[in-house]
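Protein chains: 2
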Amino acid sequence: MENMNEIRLFCPATIANVACGFDVLGVCLDTVGDEMLIRKSPIKGIRITKITGANLPLETTKNVAGVAAQSLLDSLECPYGFEIEIYKKIKAGSGIGSSAASAAGAVFGINHLLGSPYTQTQLIAFAMQGEALASGAPHADNVAPALMGGFTLVRSYTPLDVLSLPSPEHLFATVIHPQIEVKTADARAVLKQQIPLAKAIQQWGNLGGLVSGLYEKDYDLIARSLEDVIVEPIRSVLIPGFKEVKEAALKQGALGSGISGSGPSIFALSKGKEQAIAVGEAMQRVYTPMGVAFDIHISRINSEGIKIL
Amino acid sequence: MENMNEIRLFCPATIANVACGFDVLGVCLDTVGDEMLIRKSPIKGIRITKITGANLPLETTKNVAGVAAQSLLDSLECPYGFEIEIYKKIKAGSGIGSSAASAAGAVFGINHLLGSPYTQTQLIAFAMQGEALASGAPHADNVAPALMGGFTLVRSYTPLDVLSLPSPEHLFATVIHPQIEVKTADARAVLKQQIPLAKAIQQWGNLGGLVSGLYEKDYDLIARSLEDVIVEPIRSVLIPGFKEVKEAALKQGALGSGISGSGPSIFALSKGKEQAIAVGEAMQRVYTPMGVAFDIHISRINSEGIKIL
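If you read the protein sequences in the order shown, they are chains S and V. Sequence positions in the first sequence follow the UniProt record's numbering and run 1 to 309. Sequence positions in the second sequence follow the UniProt record's numbering and run 1 to 309.
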């Protein structure tokens, strides 16, 4: 491993804030993601040498991959540096972890080229530095599933404690990304800092049910538990058509549906690929007559996370 | 089964509000519980014919076992009635499900004598009627573990949805019951109806971690997750010595510790019986010099719930 000079990666999109798991539960996708090329360089430090597919800054300190990579590099002595090429396919601001894919890919690749000195939890901590640049807060709920794959639960930030949860094999995600801008700052601003205890109890009852459902491969329990009574009722008003899209997904047989990250993407989880496709078609039928452009992704749960190509 | 005329039961004590699982998570004990005798009678209706060990009303409508039993009986046509004898060993107001044991035992026994027409969830719903008499609210977090055994999670009340979670075999509970009165009404009154979103996120992260820890038999994860950042900081002021008892338990190696139900009992969970005994001794060493009388119970997790004797 230490003799490798470059590595090419698939850096997957992720869904954060999975229903009742606001701020703690994320899941990794398989069919949508960026590619990254990371190469050792005799020049010390981190240089972003190429970005395609998005208009993002090449300056290390202004790029999430650069900041994440630099934070890793700052933690050790390294006689050489790294060049990073980013081939973006995940749209920025779509709510499926675009910045997380870049931050996670950068630290995963460099760690690999260095002979894997760091644990996954340490890599999550470095990648979070990139997320801090992107959103102002060093959150882990997208970088964790990108790095670890499957469902991840951020149990605690101090100290950082991230758990890997099982992914039942027939579980598929549908994500529709309406081409609407929802600013993360707005999505944060609408949140209430005080919430009713009764709703919080419902939410943690559902999260407990969802975790149990994942272990038991109990799709019906997963369906019953996929409900967010705290954040979705407030944030969904920022996403035109949200209610109709969610209703269409559930009517079509989705196990559950909600806002992906802070939106505007809307996810649904289904049992089986055919069901996930049909759910996607139902979601589309809401946005098409509204004249809202959208992307749609159907994906099994990616249980590996970032892949070496 | 239908030809049985009477049944004698062990009706176990239970811990509700297990740390981060406030209002949803309960667990069943093995070494402390009441006995009940339930007998078919030619006289229709429910009669409480004997109570020992506690000064409780014999009138059906004023007794939790009576009310729970009557609610079951009201739901079907039955040509005969039932007599109930209660041999209380769980002290009322101790915070380890004294009323729940009676309510659960009554409905379990009658259901059994009727040939088991009802599901566990239906029995929980009947037993909750007894709890409503005892505390003013028809809660399920003690009757569910009493009826189902092990750890139970009340995911939802509307509709009632109660899950059984795994109980790692080396998990033991220590419960210390200081002879102090904490009125349930006071314990409820001090609760804040609005809580900070940030604390709620911590709480559901911990509950997710705890459920995962139970499935994984990961005692270290169970320990990290056994924390209540919402209710315990407020309610514990009603229990003299709480902080010292909890600290002593943790210092002695308990996985976690908290208020049992609405107190005043304090529970700890430990890995192994020896550890649970040592934790109990450490807890006692706090109350003894304070001159507070107490009972102490050491118990494995009772994975069966109510037992037929």
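A portion of the hints provided could be inaccurate.
Heads up, the list lumps identical chains together, so a pair's fine if it works in one copy or across two of them.
[As the list claims (entries may be wrong)] Taking lysine to aspartate or glutamate pairs in the DMTMM-like style, the calculated list, with each CA pair at most 25 Å apart, reads:
| # | residue 1 | residue 2 |
| --- | --- | --- |
| 1 | Lys62 | Glu6 |
| 2 | Lys251 | Asp161 |
| 3 | Lys251 | Glu169 |
| 4 | Lys91 | Glu77 |
| 5 | Lys243 | Glu6 |
The hints are simulated quantities; they were obtained by calculation from the structure and are not laboratory data. As the structure is a computational prediction, the values presented were derived from the model and not from experiment.
Against the structure, the hints come out as follows:
| no. | hint | verdict |
| --- | --- | --- |
| 1 | Lys62 / Glu6 | within (23 Å within a copy, 77 Å between copies) |
| 2 | Lys251 / Asp161 | between (37 Å within a copy, 22 Å between copies) |
| 3 | Lys251 / Glu169 | within (23 Å within a copy, 42 Å between copies) |
| 4 | Lys91 / Glu77 | neither (34 Å within a copy, 64 Å between copies) |
| 5 | Lys243 / Glu6 | neither (46 Å within a copy, 55 Å between copies) |
Violated hints for the displayed structure, listed by number in ascending order: 4, 5.
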